[in-house]
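Sequence positions in the sequence shown follow this note's numbering and run 2 to 647.
Misleading hints may appear alongside valid ones.
[Unchecked claim] What follows is a set of in silico ranges between Cβ atoms, one per label pair, in the way DEER data are often shown:
{"id": "1", "residue 1": "Q513", "residue 2": "L471", "range": "37 to 43 Å"}
{"id": "2", "residue 1": "S485", "residue 2": "T641", "range": "35 to 41 Å"}
{"id": "3", "residue 1": "G566", "residue 2": "K638", "range": "28 to 34 Å"}
[Claimed, not checked] Computed cross-link-like contacts, EDC-like style, restricted to lysine to aspartate or glutamate with a CA-CA straight-line distance of at most 20 Å:
{"id": "4", "residue 1": "K5", "residue 2": "E404"}
{"id": "5", "residue 1": "K537", "residue 2": "D488"}
{"id": "6", "residue 1": "K528", "residue 2": "D567"}
{"id": "7", "residue 1": "K646", "residue 2": "D532"}
{"id": "8", "residue 1": "K646", "residue 2": "E597"}
{"id": "9", "residue 1": "K370", "residue 2": "E394"}
{"id": "10", "residue 1": "K95", "residue 2": "E33"}
{"id": "11", "residue 1": "K601", "residue 2": "E590"}
{"id": "12", "residue 1": "K637", "residue 2": "E590"}
{"id": "13", "residue 1": "K515", "residue 2": "E568"}
{"id": "14", "residue 1": "K642", "residue 2": "E590"}
{"id": "15", "residue 1": "K92", "residue 2": "E114"}
{"id": "16", "residue 1": "K141", "residue 2": "E199"}
{"id": "17", "residue 1": "K96", "residue 2": "D150"}
{"id": "18", "residue 1": "K586", "residue 2": "D559"}
{"id": "19", "residue 1": "K141", "residue 2": "E73"}
{"id": "20", "residue 1": "K601", "residue 2": "E538"}
{"id": "21", "residue 1": "K141", "residue 2": "D228"}
{"id": "22", "residue 1": "K586", "residue 2": "D555"}
{"id": "23", "residue 1": "K5", "residue 2": "E73"}
{"id": "24", "residue 1": "K95", "residue 2": "D48"}
{"id": "25", "residue 1": "K551", "residue 2": "E489"}
{"id": "26", "residue 1": "K515", "residue 2": "D580"}
{"id": "27", "residue 1": "K141", "residue 2": "D201"}
{"id": "28", "residue 1": "K271", "residue 2": "E33"}
{"id": "29", "residue 1": "K162", "residue 2": "E114"}
{"id": "30", "residue 1": "K537", "residue 2": "E191"}
{"id": "31", "residue 1": "K601", "residue 2": "D567"}
{"id": "32", "residue 1": "K537", "residue 2": "E216"}
{"id": "33", "residue 1": "K537", "residue 2": "D567"}
{"id": "34", "residue 1": "K551", "residue 2": "D532"}
{"id": "35", "residue 1": "K601", "residue 2": "D540"}
{"id": "36", "residue 1": "K551", "residue 2": "D509"}
{"id": "37", "residue 1": "K5", "residue 2": "D36"}
Derived by calculation from the structure, the hints in this document are not laboratory data. Cβ atoms here follow ideal geometry from the backbone N, Cα and C, with glycine treated the same way.
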Amino acid sequence: MENKRLTVGLFLADVADDFSRGICRGAMQAAEELDVNMIIFPGKYIDRNLEIFDGIQYDYQYNTLFTYVNPEEIDLLVVTIGSIGYLSTDKRRKKFLDYFGSIPIITIASEIEGYENIMYDNASGCLAAVEYLLSMGRRKITCMAGYMDNCEARERLTAWKETLERHGLELGEQQIRYCNMSRFCREEVEQLIDRNPELDAILCVNDEVAYCVYEVLQERGVRIGEDIAVVGYDDLSYAYRLQPSLATVRADATRLGEQAVREGICHLLKGQPIEHRVPVTFIPRASAGAPEETMSVEYEPLTDMSIERFLADNHAVNMITRDMFNFDKYADQNYATLLERLYMLQIQNAYLWLFPVPVIHLQEENWRKPERLLLKAYSCEGNVMPIPKHCQEYSVQELCSHEYLPNRRYTMVLLDLFTTDTQYGLLMMEMNYDKNYYLESLSYQMSAAVRMLKLLHNQEDIQKQLEDSLYQLELHNIQLDSASKRDELTGLLNRRGLESQVERVLRDVRNQGKYLLAVYADMDNLKIVNDRFGHKEGDFALRSIAGMLKQIFDRNTDIIGRIGGDEFVVFVIRETPIDMNHLRKQAAECMAAFNEKCEKPYYVRMTLGGYTQSFTTGCRFSDLLEYADSDLYEAKKLRTKDIMKA
Numbered sequence: 002m003e004n005k006r007l008t009v010g011l012f013l014a015d016v017a018d019d020f021s022r023g024i025c026r027g028a029m030q031a032a033e034e035l036d037v038n039m040i041i042f043p044g045k046y047i048d049r050n051l052e053i054f055d056g057i058q059y060d061y062q063y064n065t066l067f068t069y070v071n072p073e074e075i076d077l078l079v080v081t082i083g084s085i086g087y088l089s090t091d092k093r094r095k096k097f098l099d100y101f102g103s104i105p106i107i108t109i110a111s112e113i114e115g116y117e118n119i120m121y122d123n124a125s126g127c128l129a130a131v132e133y134l135l136s137m138g139r140r141k142i143t144c145m146a147g148y149m150d151n152c153e154a155r156e157r158l159t160a161w162k163e164t165l166e167r168h169g170l171e172l173g174e175q176q177i178r179y180c181n182m183s184r185f186c187r188e189e190v191e192q193l194i195d196r197n198p199e200l201d202a203i204l205c206v207n208d209e210v211a212y213c214v215y216e217v218l219q220e221r222g223v224r225i226g227e228d229i230a231v232v233g234y235d236d237l238s239y240a241y242r243l244q245p246s247l248a249t250v251r252a253d254a255t256r257l258g259e260q261a262v263r264e265g266i267c268h269l270l271k272g273q274p275i276e277h278r279v280p281v282t283f284i285p286r287a288s289a290g291a292p293e294e295t296m297s298v299e300y301e302p303l304t305d306m307s308i309e310r311f312l313a314d315n316h317a318v319n320m321i322t323r324d325m326f327n328f329d330k331y332a333d334q335n336y337a338t339l340l341e342r343l344y345m346l347q348i349q350n351a352y353l354w355l356f357p358v359p360v361i362h363l364q365e366e367n368w369r370k371p372e373r374l375l376l377k378a379y380s381c382e383g384n385v386m387p388i389p390k391h392c393q394e395y396s397v398q399e400l401c402s403h404e405y406l407p408n409r410r411y412t413m414v415l416l417d418l419f420t421t422d423t424q425y426g427l428l429m430m431e432m433n434y435d436k437n438y439y440l441e442s443l444s445y446q447m448s449a450a451v452r453m454l455k456l457l458h459n460q461e462d463i464q465k466q467l468e469d470s471l472y473q474l475e476l477h478n479i480q481l482d483s484a485s486k487r488d489e490l491t492g493l494l495n496r497r498g499l500e501s502q503v504e505r506v507l508r509d510v511r512n513q514g515k516y517l518l519a520v521y522a523d524m525d526n527l528k529i530v531n532d533r534f535g536h537k538e539g540d541f542a543l544r545s546i547a548g549m550l551k552q553i554f555d556r557n558t559d560i561i562g563r564i565g566g567d568e569f570v571v572f573v574i575r576e577t578p579i580d581m582n583h584l585r586k587q588a589a590e591c592m593a594a595f596n597e598k599c600e601k602p603y604y605v606r607m608t609l610g611g612y613t614q615s616f617t618t619g620c621r622f623s624d625l626l627e628y629a630d631s632d633l634y635e636a637k638k639l640r641t642k643d644i645m646k647a
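Construct all of the structure, not just a fragment, from the sequences and the given hints.
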């Protein structure tokens with residue numbers, strides 16, 4: 002052990018969620034500082050009912066990654082068992098850990114008999130939250146608790162009980178509802194509220210449950226932070242963006258991951274006792290009654306540089322996807338092509354492993370990993386090399402110790418390559434923390450590409466399957482491109498999609514002699530609707546405006562988009578001049594008909610401004626919009642300002 006660099010294995014659940022990303026970041030930092038290798042195994046959850054939600058029926062495949070841990074290659078295993086097994090019993094979680102035999106294990110976010118652990122100081126966080134609520138005059142404090150098989154949920158519930166008892170407040174079982182610790186717990190939230198009509202505060206086991214509480218309270222017209230206080234736990238990235246901002250316990254997952262690796266290595270090398278608890282901090286915000294002026298800005302908005310980096314990464318993923326399918330017949334060398342563009346995501350080292358034959362793995366079956374793997378291609382410091390056929394075969398025990406690994410410290414992530422119930426192999430690659438968002442996307446694309454090569458290899462017998470696969474891949478790319486140009490709320494074009502289509506029309510000289518119209522449509526009183534009725538109602542109104550625009554204009558030829566907030570733009574090209582007054586009349590009739598049928602207590606209206614001219618070469622869309630905006634300004638002076646129906 003003295004001359005060998007140690008290797009730490011890290012088990013994660015959902016690599017893209019806030020908690021796992023924080024754990025990953027902290028663990029990677031500690032591994033780098035301690036000069037140890039790290040291999041990340043991003044699985045999913047155990048004992049999860051995959052039939053409840055759409056699109057996750059094959060998530061069980063990810064958990065096969067956990068079986069590739071080899072005691073000869075991994076010196077320490079850090080397992081986020083509190084996350085991976087959050088739906089499991091303590092007995093089931095222990096059975097999961099026992100599978101790994103003699104490997105030293107540090108667990109995160111759960112106490113399991115016989116294993117060292119690192120956890121948040123759950124009690125102090127909940128104590129501080131309840132004390133704050135009491136200081137704000139709240140006395141009917143209820144609790145949305147997690148399953149009692151979950152260690153952290155137990156500790157948080159106990160802290161809530163003990164704090165209230167210490168203040169002499171009565172407690173009853175009706176003040177507690179147990180839930181699945183996700184935002185999909187509406188029934189339990191409604192039961193808690195209905196059984197406690199006098200409640201004035203709800204302490205939630207985590208922010209996800211608090212999110213559901215927000216939805217239910219807002220639908221009932223309850224003023225969060227005034228009528229009923231709400232407190233979460235974790236301080237996930239969206240907590241401060243909720244309306245009102247969510248008071249919560251800031252639990253730093255980065256520190257949790259860092260301490261787990263650091264304490265585990267020190268314990269392994271020096272036998273030092275483990276410091277088991279990571280401190281947390283209660284963050285008062287508006288949902289608990291904190292005055293707005295006392296709340297500092299805790300998160301910086303996206304900078305131009307971060308936006309540019311995000312766009313560059315998205316472009317890189319698109320380029321990688323495109324080149325993955327840039328072949329029309331099977332050749333073993335094509336596997337190297339799959340790795341060639343990974344450098345665009347700063348991935349310098351990658352290893353593509355395939356099974357000798359694809360393996361069908363069903364959910365009800367126990368997974369048995371293949372004994373042999375084929376290393377089809379690898380990328381070493383950006384140089385991609387195919388492996389000759391006679392050199393490809395390795396034992397699965399050499400997955401993390403073969404001769405092509407870097408001669409330096411590294412952090413690798415292991416991805417599962419599968420489509421539906423069929424496993425094809427593994428992709429191991431060195432990847433920066435800030436690229437974790439793209440791991441599953443890369444896994445999907447690489448899996449689809451490997452499947453495609455398998456189909457090409459057997460194309461005479463399975464030509465129809467190949468065509469289906471190509472169609473699905475093409476459709477997926479079209480959907481990705483379309484999604485980037487669409488406004489998620491209304492389904493209309495966004496600014497990018499609108500400008501792209503309009504510029505194409507303005508460049509087409511065949512439109513010479515036709516007439517152009519640029520229209521600004523501004524929804525009336527969006528802020529009032531949001532303030533009085535909530536953002537869900539504001540979203541409804543915006544979608545309604547979009548629907549009316551589709552009725553007024555020709556959705557097949559006219560270009561309609563939402564460019565932000567309450568602003569919509571329509572671009573029209575016609576053979577004959579266009580009468581703006583006639584359009585306003587159409588709009589008025591459309592709005593009147595809509596509001597007569599709509600049962601909302603407020604009117605949904607918009608004001609139109611437009612500018613028309615004949616088509617000319619060199620005409621600029623921005624100029625047309627500027628003139629239309631001037632007309633809109635004048636039209637707004639005449640608009641009806643009442644919003645409430647009689």
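Where does the structure disagree with the numbered hints, that is, which hint numbers, in rising order? 3, 10, 13, 19, 29, 34 and 36
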